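J.: Work from the hints to combine the two standalone chains into their complex.
Protein sequences, first through last, are from chains A and B.
With this note's numbering applied, the first sequence corresponds to residues 4 to 626, in that order.
With this note's numbering applied, the second sequence corresponds to residues 2 to 488, in that order.
No wet-lab data here; the hints were simulated from the structure.
Fair warning: there could be bad hints in the mix.
Straight-line distance between alpha carbons at most 27 Å, and here's what the computed DSSO-like set of lysine-lysine pairs gives [stated by the list, open to error]: (1) A:Lys-582 - B:Lys-436; (2) A:Lys-523 - A:Lys-367; (3) A:Lys-582 - A:Lys-367; (4) B:Lys-272 - B:Lys-190; (5) B:Lys-373 - B:Lys-64; (6) B:Lys-437 - A:Lys-582.
Here are the computed distance ranges between Cβ atoms for each label pair [said to hold, decoys possible]: (7) A:Gly-196 - B:Gly-422: 48 to 54 Å; (8) A:Val-624 - B:Pro-329: 19 to 25 Å; (9) A:Leu-552 - B:Phe-440: 53 to 59 Å; (10) B:Lys-272 - A:Val-624: 15 to 21 Å; (11) B:Ala-59 - A:Val-624: 57 to 63 Å.
Keep in mind the model is a prediction, meaning the values are calculated, not measured.
We put the beta carbon where it would ideally sit given N, CA and C, even for glycine.
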Amino acid sequence: MFSSVCKFLGNPAPLFLLLCALPVLAGFIAWLFRSKRHGALQMATVLVFGAANLFLALSLYAGGGASGSLSFLGEEFDLSMIVSGVSALMLLLTAFVFLGVSAASCAWFRTREQGGLFLLYLFISLGMVNGALISDHLGVLLFFWEGLLGTLSGFMLLKNREKPATALKALAVSATADLLLMLGIVTTVHVAGTSYMSEIHLLSTEGLGGVGLVLMLLGAMGKLGAYPFHSWIPDAADDAPTPFLAAFPGSLQKILGAYLSIRVVNGLYAVTPGSGMRLFILIMGGITLLCGSFMALAQKDIKRMLAYHTVGVSGLILMSIGSGYAAGLVGGIFLLISHVIAQSGLFIAAGAIEDRTGSTELAKISGLSKLMPVTAVCFIVLSLCSVGLPGLAGFPAGMLALGAAKSGGIVFYLIGLLGIFLATVAFFKMIRSAFFGPLHLPKGHLSVSEARSGMLVPAALSVLACIFFGVYSAFPVDRLIQPSLGLFEELSGYTLTITLFVLPLLMLALALVDHILGAKKGGAPQATAHMEGLPVLKQCYALAQGGKLDPYNWMMAAFSGFADACQWIENGVSWFYDKGIPGFVTGIATALHRYWNGSISRYLIIALAGVAGILVIFLAVML
Amino acid sequence: MELLKIIPYIFIVAPLAALIVNNAVPREKIREHTIFMSGIVSVLQLAAALLGFILLAATGLDKVSFGLLWDASLPNAAYFRVNLISLFLLMCIGMVSLVSVLTALKTIDDHRCSYTNLLMTLLLGMNGMLLVSDLFSLYIFLEITGISCFVLIAMYKSTKGLEGAFKYLTMSVLATIMILSGLAMLFMKTGSLAYADLNADVLAGKDDSRTWLCWGAIVLLISGFAIKTGAAPFQSWLPDAHQSADTAISILLSGIVIKIAGIYGFIVLMKLFGELYALRLTLAIIGLVTIAFGALLALVQTHFKRIAAYSSVSQMGYILLGLSTGSPLGLIGALLHVFSHATFKTTLFSNAAALHEQLGTLDINDMGGLQKQMPVTSFSSITSFLSAAGIPPFAGFWSKLVILIALWQANEIGFAAAALGLSILTAAYFLRLQKKVFFGPVNPRWNGIKEIAGSIRFSEIALSAVSIGAGVCFPLILLYLQSIGLI
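The shape of chain B in the complex, shown without the other chains (with noise of 0.2 Å):
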C-alpha cells in the first residue's frame, strides 16, 4: 500500500527531473547521455505502470488519489488519481517511448537534447492528462501535449515536417477551440467541471432552458477529441504529419499520441455521459466510418509510413466502436486494443525505420522480395500484419474479438458485422504492403542490403515477442481481468 502511493508520483516526478537534468548539465557533457536518460524513463514509466496496475488491481480499491504540493483529501481540492485504466494506458505510454528511443538511438543524430526535452514534456502531458480529475485540466495537459507534438515534428525544419506540423497546428487548434467552447459551454450548465461532478442526469437537469448548450458542448467535445484521434472526417492532417517526422516520432504519434490526446478523451467522455444515446451512436458511427476511410485510404497509398498513418486511423475506429457499446466489456476491449494496436503499430514503425535506415527511401513501389536480405524486418512485419488482421493467436484477434462481443452484447449487429467485413480492407492493404516490399521479383538496386542491426532491430524482435506472447497468453490476461473484477 505504502508502494502504491509513491509510485503515482513517478510519473510526474521521473519526466520532469528528465528535463531538469537534461537542461542543467552542458550540452555537450549531457548529449551522449541523454537518449539514455530518456530510456531510463521509459522503462521507469513501464515498470512502475506495470507494478502500479497489479498492486492497485490486488488491493481492490477503485483509485489512488494524490496530491503535489498539496494535501488531496481537502474538500474541493483539485487532485491527481490513478484507476486501472490510467495505469494501463500509462503503461502502454511506457512501452512506446521506450520503442521510440531505441529507435532515435538510430535515427536521430542531431537535436539528440531537443528530442529529449520534447519527449520529456510529451511524457507529462499524456501522463498528466491521465491523472487529472477534471475536464479543465485534461484540456490543458491536452495542450501540453499537442505543443510538444508539434515541435517534434517541425524539429528538422525540413519541408515536409513543418507542412506536416503547420496541418497539425491547424487543426489542433480547431480542435482546441472547440474543446475549449465546449467546456465553457458545459460549465454555464454545471458550474463544475471535476468528474464527480459531471453525469448525463445533470445535463438534463430541471432548468431546460440550457439543455441544448449542453448538447452543443458535448458535440464539440466530440469534434475536438476525434480530430485529435484522427477520427473520419476529421484525419486530414495525421497521414501528413505522420509521415513527415522522424519515425522515432512517428512511432510515438501513431502509437501512443493519437490514443491519451483522442481516445482518453473519448473514454473520459463516455464514463460522464456514456448514458446518452446520441453519444453512443455519434461514436459507432465516427468509428464505422473511419474503419472504412482509413483502410480505403492505406490501399492507394505508395509510402509505408502514410500506410502506416492511414491504418492507425482505420483502427481508432474499431477502439471507437469498442468504446461506442457503453458497457464494460466494450471498455476492455477498447482499451486492449490501445495496447495491441501500440504494439503491431510500432512495430511497423519500427520496419520503417528499419527500411529507411537501410535503403533510404520508403516508396514501397521501389521495393520488394526484401524477405531475403532482411528476414528480421520481413517477419516482425508479418507478426504485426497478421495482428492487426486480426488473425489468431496474435494479440489483435483477441482486442477485435472482444470489441465484437461486446457490440454483440449490446445489441448492435449491424454495427459489428459491418466492422467484421471492412477488417477484410486490412488485410488486403497490409497485403499489398507486405507483396510489394517483401515478397514479389527482387528490385536488384537492393541487392547488396543487409538486415537492419542493434536497438531498431531489438525493438523488432522485443515487439513480435509481445505481439505473440500477449496473443498466445491472452485467455490468461482475460482470466486475470475477470478475477479482478473488470470484466
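For reference, chain A alone in the conformation it holds in the complex (with noise of 0.2 Å):
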C-alpha cells in the first residue's frame, strides 16, 4: 500500500499539493471551526489531517521516496522536489511530532483564545517545514524557509499585540539567520554554478566556498536555535502560548535547522574532519551547549528552564553533526529524533500544568504529583530521556552524539560531559520542586485535576516512543538512520566504552549527589543556589539577567550606536548647512560692509586698485 501511494505521490502535482498546500487547507479548515462549540469538530480535523500528513511521509518513507518537478513559466522555473534519504526520514519525524503536538494546541486552545488563528499558522509552519524538506531547489528551499518567519511572526503576535518586544526581537534574529542564509545560498550558488542541491556534490571550502559554507551553517543554526540566535527562545516561553514551544523551538525548527546542517557539510560541501570548518561547528555547538546548560541551571520557571534545555541540546546536535565522522551524523540524527519527541512531550506536559494551575513557576507550584499523576509520570521519564538514563532514547543518542564530540576534540567530550550534569542538576530540581514535597497551587486553585486528555495522550506518545527507541536502540540506528544517509557499519558496539558509558553515568549520579547536598539547605527550589553562587558563575549570572550576555542586545547597541553616529553625523551637516555656511557667508559679508565705510578716499583707492587689477589680467594675457 505505501509503494503505491509513493509511486502516486512521485508524480509532481500531488506530491506538492498534498504535502504543502494541504495542510494550508486544513489549517483553513481548523480556523473555520474556531468557536468554543465546534471544539470536537476541531480536534477531529487535526487529528484527521495530521494523521494523513503521517500517512503520506510514512508511504513516502516507506517507498522510498520520491521525486518530481513542476514547470512554472516554460523552463524558466522548475519547482524541482526530491524526497530520498535524510529529507524522508525529517519528513516522518516531523509528521510524527506534529500530530502529537497540534493535538495538544487544540487541546489547549480548548479554554483559550485565538485557538483558531493558533492552529491556521500551526498547519502553514507544517507546509511550510514539509515544503522545505521536499525541495531540491536552493531558491525554493530558501521561500519556504522565509515562510517560517512570517507564521513565527504571527504565533508571537497573538498574545502580544500591544507589547511586540518579543515578537520583535523573535523576528530580528530569525530574519538575521535567515540573511545569512539567503547570502550563503546566493553564494553556493554562485561557487556550484547550479541551483539544485542534488547536483551540488561536495563544493570545496577553500575561498568563497568556505564563506558560502559558514553563511549557510549560520542560516541553519537561526532555525536550530543555537549561539547567537537562541535568545529569543527564553523569552518566547514567557509571552508566546505554550503549545508553540512545542511546535517550534521544540520540533518544527529544530528538524529543520538540523536537516539543513546535515545536507550542508554531508553533501554540498566537502568538510574534511579536523579542518577549520569542523572546529567553527563544534565551537559554536559547544558555546551553544555550555550557554544553555547553564542558563537553563538558574532558572526558576519549567517553561524557561525548558526553552534553555532546547537551546543547549541544539548546541550538542550540532557538534555532532559537525564532527564530520559517519558515527556523529548518525548520532546527530539520532539525538535530534529523541530530543524532538521527548522535548515536544516536556512543553506539552508543562503546557498541561499551566492549563491547570495557571503557571510553571517553581515558587508557586509542588507536590503535583499528587493530583497530576500521569503527567507527573510523562514528565519525569521524558526528563530523564533528556538527560540520558540508560533504557531511554536519550541514552544511545546521547552516548553516540558524545562518541563523535569526542573524536572531534577531548574539550568537546568534556563540554558535552558538562552539559549532561548540568542538564541532570536542572531537571532533578524541576522534577522535585513540583511534582514532589507538599502540595502548593497558585492563588485562586484549591485543587486541579488530572491533564485533558487531549495533551495526556501526546505527552504519552513520546514517552513511549523514548522508550522503545531506548530499548530497541538498534531500530531507529540500522533500519531507521543509517539507510537514510546509505551508511551501514556496525555503530552498536560503539556503546560499552567507559568515557561514553561510565562516565556519562556517573555524571548523572554526581548530579543526583550534588542535589541532595543543594537541597539539604532551602530546599528542592534552591538546589542549584550553591552552584549559582560560584565565583565567575555568579557574575556571569548577574550580566545575563541584566540582558549583557544577549546578542539580540549587542546588536540592538550596535545598531543604537550606529544610529547616534548617524545622528551625529546628521547634526554636523545640519549644522554645516544652518550654522557653517551661512557663519561664513554672513561673515564675509559684514567684514565687506565694514571696509565700505563710506570714506570717499577709501571708494577711490579701491577703484585705483581695481584699475590696477585690470591691468594685471591684461599683463598676464599679454605676455
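T.: As C-alpha cells, then:
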C-alpha cells in the first residue's frame, strides 16, 4: 500500500499539493471551527489531517522516496522536489511529532482565545516545513524557510499585539539568520553554478566556498536555535502560547535546522574532519551547549528552563553533526529524533501544568504528583530521557553524540559531559520542586485535576516512543538513520566504553548527589543555589540577568550606536548648512560691509586698485 | 519703411520738445501737468522703440542711419543710427522712465518741473548714447547722462542726497578721466574713433610701437565703464547714491542708468574689440567678483533700497558674464537680463516707494508681517524676488539661463558653475528681505497701515504682470528672436 501511494506521490503535482497545500487547507478548516462549540470538530480536523500527513510521510519513507518537478513559466523556473534519504526521514519525524503537538494545541486552546488562528499558523508552518524538506531548488527552499518567518511572527503576536517586544526580537534574530542563509545560498549557487542541491556535490571550502558554507550553517543555526540566535526562545517561553514552544523551538524549527546542517556538511560541501570548518561548527556547538545548560540551571520557571535546555541540546546536536564522522551524523540525527520527541512531550506536559494551575513558576507550584500523576510520570520519564538515562532513547543518542564530540576533540567531549551534568541537576530541581513535597498551588486554585486527554495522550505517546527507541536502539540506528544516510556500519558496539558509558552515568550520579546536598539547605527549589553562587558563574548570571550576554541586545546596542553616529553626522551636516555656511558667508559680508565704510578716499583707492587689477589681468594674458 | 525713418527722430525730438515746453511755459501753469508731459514722452519712447524694433526686424536691415540737421550719407559725416540692440535698450529706457514717472506722481511734490527737466536731459543723454556711431560722441552723451543724475540725486539738498551725489560725482570724474584718457590713447593709435574704423586688428596693427598704448586705453575704458556700471570693485558709490535719492530717481538709476552708462559701454567695447581674449577674461572676472560682492554686501544691509542697490550691483555681474562670452547668444542673454532686471528692480523700487509712502521708513528691521496689510506690494515684491533668484517661469530665470548656456557654449564652464552657485546668495538676501518685511511677526507699530493706492500700485501690478507674462511667453520671445536671425 505504501509503495503504491508513494508511486502516486512521485507525480510532481500531488506531491506538492498533498504535502504543502493540504496542510494549509487543514489550517483553514481548523480555523473555521474556531468557536468553542465546535471544539470536537476542530480536534477531529486536526487529528484527521495530522494522521493523513503522517500516512503520506510514512508512505514516502517506506516507498523509497519520490521526486518530480513542476515547471512554471516554461523552462524558466522549475519547482523541483526530491524526497529521499534524510529528507524522507525528517518528513516522517515532522509528521509524527506534529500529530501530537497539534492535538495538544487544540486541547490547550479549548478554553482559550485565538485557537483558530494558532492552528491556522501551525498548519501553514507544517506546509512550509514539508515544502522546505522536499524542495531540491535552493531558492524554493529559501522561500519555504522564509515562510516560517511569517508564521513565527504571527504566533508571537497572538498574545502580544500591544507589546510586541518579544515578537520583534524573534523576528529580528530569525530574519538576521535568514538573511545570512540567503547570502550563503547566493554564494553557494555562485560557487556551484547550479541552484539544485541534487546537482551540488562536495564543493570545496577554500575561498568563497568557505564563506558560503559558514553563511549557510549560520542560517541553519538560526532555525536550530543555536548561539547566537537563541536568545528569543526563553523570552518566547514567557510571551508566546505554550504549545508554540512545543511546535517551533521544540520540534519544527529544530528538525529544519538540523536537516539543513546535515545537507550542508554531508553533501553540499566537502568538509574534512579536523578542518577549520569542523572546528568552527564544534566551537559554535560547544558555546551553545554551555550557554544553554548554564542558563537552564538557574531558571525558576519550568517553561524557561525547558527553553534553555532545548538550546543546550541543539548545541550537542550541532557538535555531533559537525564532528565529521559517520557516527557523528548518525548520533546527531538520533539525538535530534529523541530530543524532538522528548522535548515536545516536555513542553506539552509543562503546558498541561500551566493549563491546570495557571503557572509554571517553581515558587507557585509543588507536590503536583498527587493531583496530576500521569502528567508527572510523563514529565519525569521524558526528563530522564533528555538527560540520557540508560533504557531511554536519550541514552544511546547521547552516547553516539558524545562519541562524535570526543573524536572532534577532548574539550568538546568534556563540554558534553558538563552539559549532561548541568541538565540533570536542573531537571532534578524541576522535578522535585514541582511534583514532590507538600502540595502548593497558585492563588485561586484550591485543587486541580489531571491534564486533558488531548495533552496527556501526546505526552504519553512521546514517553512510549522514548522507551521504545531506548530499548530497541538498534532499530532507529540501523533501520532508520543509517539507510537514510546510505551508511551501513556496525555502531552497536560503540556504546560500551568507559568514556561513553561509565562517565556519563557517573555524571548522572554526581548530579543526584549534588542535588541532594544542594537541596538540604533551602529545599528543592534552592537546590542549584550553591552552584549559581560560584565565583565566576555568579557574575555571569548577574550579567545575563541584565541582558548583557544577549547577542540580540549587543546587536541592538550596535544599531543604536550606529543610529547615534548617523545622528551625529546628521547634526554635523545640519550645523554645516544651518550655521557653518551662513556664518561663513555673513562673516565675509560683514567684513566687506565694514570695509566699505563710506569714506570717499577709500573708495578712490579701491577703484585705483581695481584699475591696477585689470592691468595685471591684461599683462598676464598679453605676455 | 517710411515710418522706420521717422521713428528714430522721436528719441531726440520728444525729450527736447518737452524740455523746451517745460521751460517756455510759466512754472505756475505747467506745474500741474509737467509730470504728465514726462509720462507722455516716456510712453511715446516705449511705443516708438517697440514699433521700431518690430519694423526693423521685419525689414531685415542691419541699421537705420540718420542725421539731425545734416545729411548722414555724406562721406566721413558723423551720423546717428538705430539698430536692434539700441532699439531694445531704448524700449527699456521708456519702460523704466514710465515707472519712474508713475512713482514720481506720488513721491515728488516740490521740484516737479526740475524733475521733468532733468528726466528729459537724462533721456536725451541715454538715447544719445544709444544712437551715436563713434566713441567720442558716446562720451559726450555719457557726460550728459551723468550730470543729469548728479543733480537728480542732489535735488532735495538733503545731507544724504548731497553726500550721495558728491560720491557719485567724484567717482564719475574718475571715470571721465579714465574714459577720456583711454579715448585719447586710442585716437593716437588709430586716428579715428568711429565704430566703423575700430576693431581688434587695428589695435595690433603693423606698427608695434604703440600697441601698449592701445592696451592701456582698453584698460582705462574698462575701468571707466566699470565705475559707471557699479561693477566690483568700483561699486562703492552706487548704494550711497541710489539709497539717498528719491525713490522715483532710484528707479531710474538702478533700473536703467547704470545699464546704459555702463553696460552699453561694455557692449560697444565687446563689439569693437571682442576678439581680444584679455578683454573677455577681464569682463568675466569682473562679472564674477561683482556677483559675489554685490550679493554678499546685500546680505548684511538693513535699508530696503540699499539692499536693492547692492542687488543691482550683483545682477550687473551676470550681465557682464553674458557679455564676456563674446558670442551672439551671450549678448542676447545680457540684453534679456537687462530687460528682466529692469523689470524686477523697478518693481522692487516701486515696493520701496510704497513702503516709504505708507510707513515713512525703509529700515527692514522695523518692518515685519506686512503681507496682510499690503498684499499687492507683498505679492509684487515676491514676483520680483523670484524673478531675480532665477525661479522658473519668471523672466529672470530665462535670461540667466541663456547667459549660463552661452557661458557653457563658450567653454567657460567654471564661470558658469560659479555663477550658478552664487545665485544661491541672491536667493539668500532676497529671502532675508522678504522675511523681514512681509513675513514673520507683525510689528504692532503698523497695525493701521493700508495698501498703497494709485499710480504706484498700478505700476507694481503692471510690472509683476510683465515679469510673469514675459517669463511665461519667453519661449515665444526666443522663437521670435530666432526668426529674425538674432540667435
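J.: All the hints need checking, so say for each whether the structure fits it.
T.: Tested hints:
1. A:Lys-582 - B:Lys-436: 18 Å, holds
2. A:Lys-523 - A:Lys-367: 20 Å, holds
3. A:Lys-582 - A:Lys-367: 62 Å, violated
4. B:Lys-272 - B:Lys-190: Satisfied, since the Cα-Cα distance of roughly 19 Å is no more than 27 Å.
5. B:Lys-373 - B:Lys-64: 50 Å, violated
6. B:Lys-437 - A:Lys-582: Answer holds: Lys-437 of chain B to Lys-582 of chain A is near 19 Å, not above 27 Å.
7. A:Gly-196 - B:Gly-422: 48 to 54 Å: 52 Å, holds
8. A:Val-624 - B:Pro-329: 19 to 25 Å: Taking Cβ atoms as reference, Val-624 of chain A and Pro-329 of chain B lie about 23 Å apart, which means the hint holds.
9. A:Leu-552 - B:Phe-440: 53 to 59 Å: 57 Å, holds
10. B:Lys-272 - A:Val-624: 15 to 21 Å: 20 Å, holds
11. B:Ala-59 - A:Val-624: 57 to 63 Å: 41 Å, violated
Violation of the numbered hints given earlier is confined to hints 3, 5, 11; the remaining hints are satisfied by the structure.
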